[in-house]
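Trainee: If you want the building blocks of each chain, they are given just below.
2 protein chains.
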Amino acid sequence: MKKIGKQTILFDNPPTILECASIVGPKEAEGPLCKYFDQTLEDEFWGEKSWEKAESKIIKETVNLVISKSGISNQEIDICFAGDLLNQCISSNFGLRDTNVPFFGVFGACSTFVESMSLSAICSESFANYSLCATSSHFCSAEKQFRFPLELGNQRPQSAQWTVTGSGSAIISKTGQGPYITAITPGKIVDMGIKDANNMGAAMAPAFADTLVTHFLDTGRTPNYYDAIISGDLGYVGKDIVIDIMASQGYNIKSNYNDCGILIFDKNKQDTHSGGSGCGCAATVFSGYLYKQLQEKKIKRLLLIATGALMNSTSSHQGESIPGIAHAISIEI
Amino acid sequence: MKKIGKQTILFDNPPTILECASIVGPKEAEGPLCKYFDQTLEDEFWGEKSWEKAESKIIKETVNLVISKSGISNQEIDICFAGDLLNQCISSNFGLRDTNVPFFGVFGACSTFVESMSLSAICSESFANYSLCATSSHFCSAEKQFRFPLELGNQRPQSAQWTVTGSGSAIISKTGQGPYITAITPGKIVDMGIKDANNMGAAMAPAFADTLVTHFLDTGRTPNYYDAIISGDLGYVGKDIVIDIMASQGYNIKSNYNDCGILIFDKNKQDTHSGGSGCGCAATVFSGYLYKQLQEKKIKRLLLIATGALMNSTSSHQGESIPGIAHAISIEI
Numbered sequence: 000m001k002k003i004g005k006q007t008i009l010f011d012n013p014p015t016i017l018e019c020a021s022i023v024g025p026k027e028a029e030g031p032l033c034k035y036f037d038q039t040l041e042d043e044f045w046g047e048k049s050w051e052k053a054e055s056k057i058i059k060e061t062v063n064l065v066i067s068k069s070g071i072s073n074q075e076i077d078i079c080f081a082g083d084l085l086n087q088c089i090s091s092n093f094g095l096r097d098t099n100v101p102f103f104g105v106f107g108a109c110s111t112f113v114e115s116m117s118l119s120a121i122c123s124e125s126f127a128n129y130s131l132c133a134t135s136s137h138f139c140s141a142e143k144q145f146r147f148p149l150e151l152g153n154q155r156p157q158s159a160q161w162t163v164t165g166s167g168s169a170i171i172s173k174t175g176q177g178p179y180i181t182a183i184t185p186g187k188i189v190d191m192g193i194k195d196a197n198n199m200g201a202a203m204a205p206a207f208a209d210t211l212v213t214h215f216l217d218t219g220r221t222p223n224y225y226d227a228i229i230s231g232d233l234g235y236v237g238k239d240i241v242i243d244i245m246a247s248q249g250y251n252i253k254s255n256y257n258d259c260g261i262l263i264f265d266k267n268k269q270d271t272h273s274g275g276s277g278c279g280c281a282a283t284v285f286s287g288y289l290y291k292q293l294q295e296k297k298i299k300r301l302l303l304i305a306t307g308a309l310m311n312s313t314s315s316h317q318g319e320s321i322p323g324i325a326h327a328i329s330i331e332i
Numbered sequence: 000m001k002k003i004g005k006q007t008i009l010f011d012n013p014p015t016i017l018e019c020a021s022i023v024g025p026k027e028a029e030g031p032l033c034k035y036f037d038q039t040l041e042d043e044f045w046g047e048k049s050w051e052k053a054e055s056k057i058i059k060e061t062v063n064l065v066i067s068k069s070g071i072s073n074q075e076i077d078i079c080f081a082g083d084l085l086n087q088c089i090s091s092n093f094g095l096r097d098t099n100v101p102f103f104g105v106f107g108a109c110s111t112f113v114e115s116m117s118l119s120a121i122c123s124e125s126f127a128n129y130s131l132c133a134t135s136s137h138f139c140s141a142e143k144q145f146r147f148p149l150e151l152g153n154q155r156p157q158s159a160q161w162t163v164t165g166s167g168s169a170i171i172s173k174t175g176q177g178p179y180i181t182a183i184t185p186g187k188i189v190d191m192g193i194k195d196a197n198n199m200g201a202a203m204a205p206a207f208a209d210t211l212v213t214h215f216l217d218t219g220r221t222p223n224y225y226d227a228i229i230s231g232d233l234g235y236v237g238k239d240i241v242i243d244i245m246a247s248q249g250y251n252i253k254s255n256y257n258d259c260g261i262l263i264f265d266k267n268k269q270d271t272h273s274g275g276s277g278c279g280c281a282a283t284v285f286s287g288y289l290y291k292q293l294q295e296k297k298i299k300r301l302l303l304i305a306t307g308a309l310m311n312s313t314s315s316h317q318g319e320s321i322p323g324i325a326h327a328i329s330i331e332i
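Residue numbers (numbering that gives the first Met the number 0), protein chains in the order written: chain E, 0 to 332; chain L, 0 to 332.
Derived by calculation from the structure, the hints in this document are not laboratory data. Note that the structure is predicted; figures quoted are calculated from it, not measured. Treat the hints with care, since some could be wrong.
As the list claims (entries may be wrong) - Okay, derived cross-link-like pairs now, SDA-like style, lysine to any residue, Cα gap no bigger than 20 Å in a straight line:
#  : chain 1 : residue 1 : chain 2 : residue 2
1  : E       : K143      : L       : Q317
2  : E       : K48       : L       : S320
3  : L       : K48       : E       : E319
4  : E       : K143      : E       : K1
5  : L       : K2        : L       : R220
6  : E       : K173      : L       : Q317
7  : E       : K143      : L       : S312
8  : L       : K194      : L       : Q154
9  : L       : K5        : E       : H316
10 : E       : K1        : E       : R220
11 : L       : K143      : E       : G318
12 : E       : K143      : L       : R220
13 : E       : K5        : L       : N73
14 : L       : K194      : E       : G318
15 : L       : K299      : L       : T174
16 : L       : K173      : E       : E124
If we strip away everything but chain E, and leave its shape as in the complex, we get:
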């Protein structure tokens, strides 16, 4: 692999995304992408005593599923990257403690899935035959931790996003028939001073635009190189901002740009306001829907840019703004 331009890495022998798996919660099962997920849950507990334990079970079973679907064994996996939104990434730590696979924990908030795919791709070209990546999020555990007790029934502002309950996982292989990871553009932290923790889309949009423009400049590509440019997860508010920022930079992305948080829920029938979010959103939309679009050649060139809001509840209470980040991964068949 080699670095080109300011931030982009091109793969000489692009790794293959060998297999994906996804498990989602009941609300996601009522959304427009339902048929693409491997498994849908009837409730948010899945037989566990807490939402945190349920989230661990979701990522655990998603990882078990992707390994089983891929036909390889745990022993063949050379490295694993995983993370989630819970403090100290406990869903991943507890969910993956029985996998018996070398493990690197990663945290990039909602950008974590693309971060883990990026690092898996780097490892696959350099030493690993198979890398595993996985992330999860859970509406109830996230609301409890970041916002208010669900029992309060707090009203959410229209700019708020709905944390996806679900997990996505992928196995990246050194060799294979694609879809191939052909390039990555790891993002820089961008903080434009947004302080509203109920408007993550606005906080993350500048980071998305920074990474996307950098990707275009580094590679010499333009928006129409890609069949689809997908963010994860800016929601409706962030999507509008991003289209405007990109236009101001001379890029028209209106025709082929969409967002995982918009794709996963039905705007009219499901009351999620600005759309979905969470580590599990980009992970499930990619592992469920987008990966199948690539396999069926409905999308031949995908740029997936996952975005993260790098704050916690303490930083917001202390009056801090919300730093954003966005990592891009180019996937082609």
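Position chain L relative to chain E; hints supplied.
Mentor: For chain L alone, coordinates are given in the frame of chain E:
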């Protein structure tokens, strides 16, 4: 680079640890390693209004320092790996938001520094000229988040460790005169059912032994290959357990094994009970003390194995055990 055995990666062109920097708090400044740190603070706030903001400032200034000492510019850094103990790794996110460097957040609890060095080394051999790694911890922010308000003056059990206030940072270069990162052994999550959050040493010791034995089996090396085998941070309780476990596996590590948490504080004069801990412990002991021992050839072959306890306060309240992890990095001159 190539994988050998079960988990170890050998570098064909071992990257150089070009420069290190460390900043520590007032208690660490009273410890036996004081003279090795670049900067020591007079209090835990460093002019900031909260411990969290102070921790962000510590990692920020440590990173600024290592960049300044190295003589390279921010623009030359191809990738950065950083993480810390605070929820959602806010010290790193806020501390590094102005660096303008491609950023991957990592979380491995107290193992994070070696995780970030390992990933930096992988990137350095594959595409990066310069990688940056940094971690931090802060006694007050960690106690507040994981245990009790400091104002309570709670008594700590003898098995408890004292979170180091400090940050360590390193720049890894594709080329150079060493010290060289010659091999890494990423660890697996090991959970032996320890539930006492005041005895992290016991919780992490099995993961340390698992990685160390695997490293020996993968490389064919024995304990006496290394001048020093250093864990970070098992403390006194964990050190004793580890020596016993290794002896039961046929390895005598008594003569050349020590622990960052033991090295950083004076057992008799400083009331830290089982020794130091925290992302900043291994980071400062390596960046301050061990790196200089390598430069001065007092240590020629170092195996640094940082250990992490992958829990949070919610998981302990829900009766969960504490999964441990340990990542090894072999550094030679």
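Trainee: Against each hint, give a clear statement of whether it holds in the structure.
Mentor: Now the hints, each set against the structure:
| no. | hint | verdict |
| --- | --- | --- |
| 1 | E:K143 to L:Q317 | 15 Å, holds |
| 2 | E:K48 to L:S320 | 15 Å, holds |
| 3 | L:K48 to E:E319 | 12 Å, holds |
| 4 | E:K143 to E:K1 | 43 Å, violated |
| 5 | L:K2 to L:R220 | 15 Å, holds |
| 6 | E:K173 to L:Q317 | 40 Å, violated |
| 7 | E:K143 to L:S312 | 14 Å, holds |
| 8 | L:K194 to L:Q154 | 19 Å, holds |
| 9 | L:K5 to E:H316 | 45 Å, violated |
| 10 | E:K1 to E:R220 | 17 Å, holds |
| 11 | L:K143 to E:G318 | 18 Å, holds |
| 12 | E:K143 to L:R220 | 48 Å, violated |
| 13 | E:K5 to L:N73 | 12 Å, holds |
| 14 | L:K194 to E:G318 | 35 Å, violated |
| 15 | L:K299 to L:T174 | 19 Å, holds |
| 16 | L:K173 to E:E124 | 17 Å, holds |
Checked against the numbered hints given earlier, the structure breaks hints 4, 6, 9, 12, 14 and satisfies all the rest.
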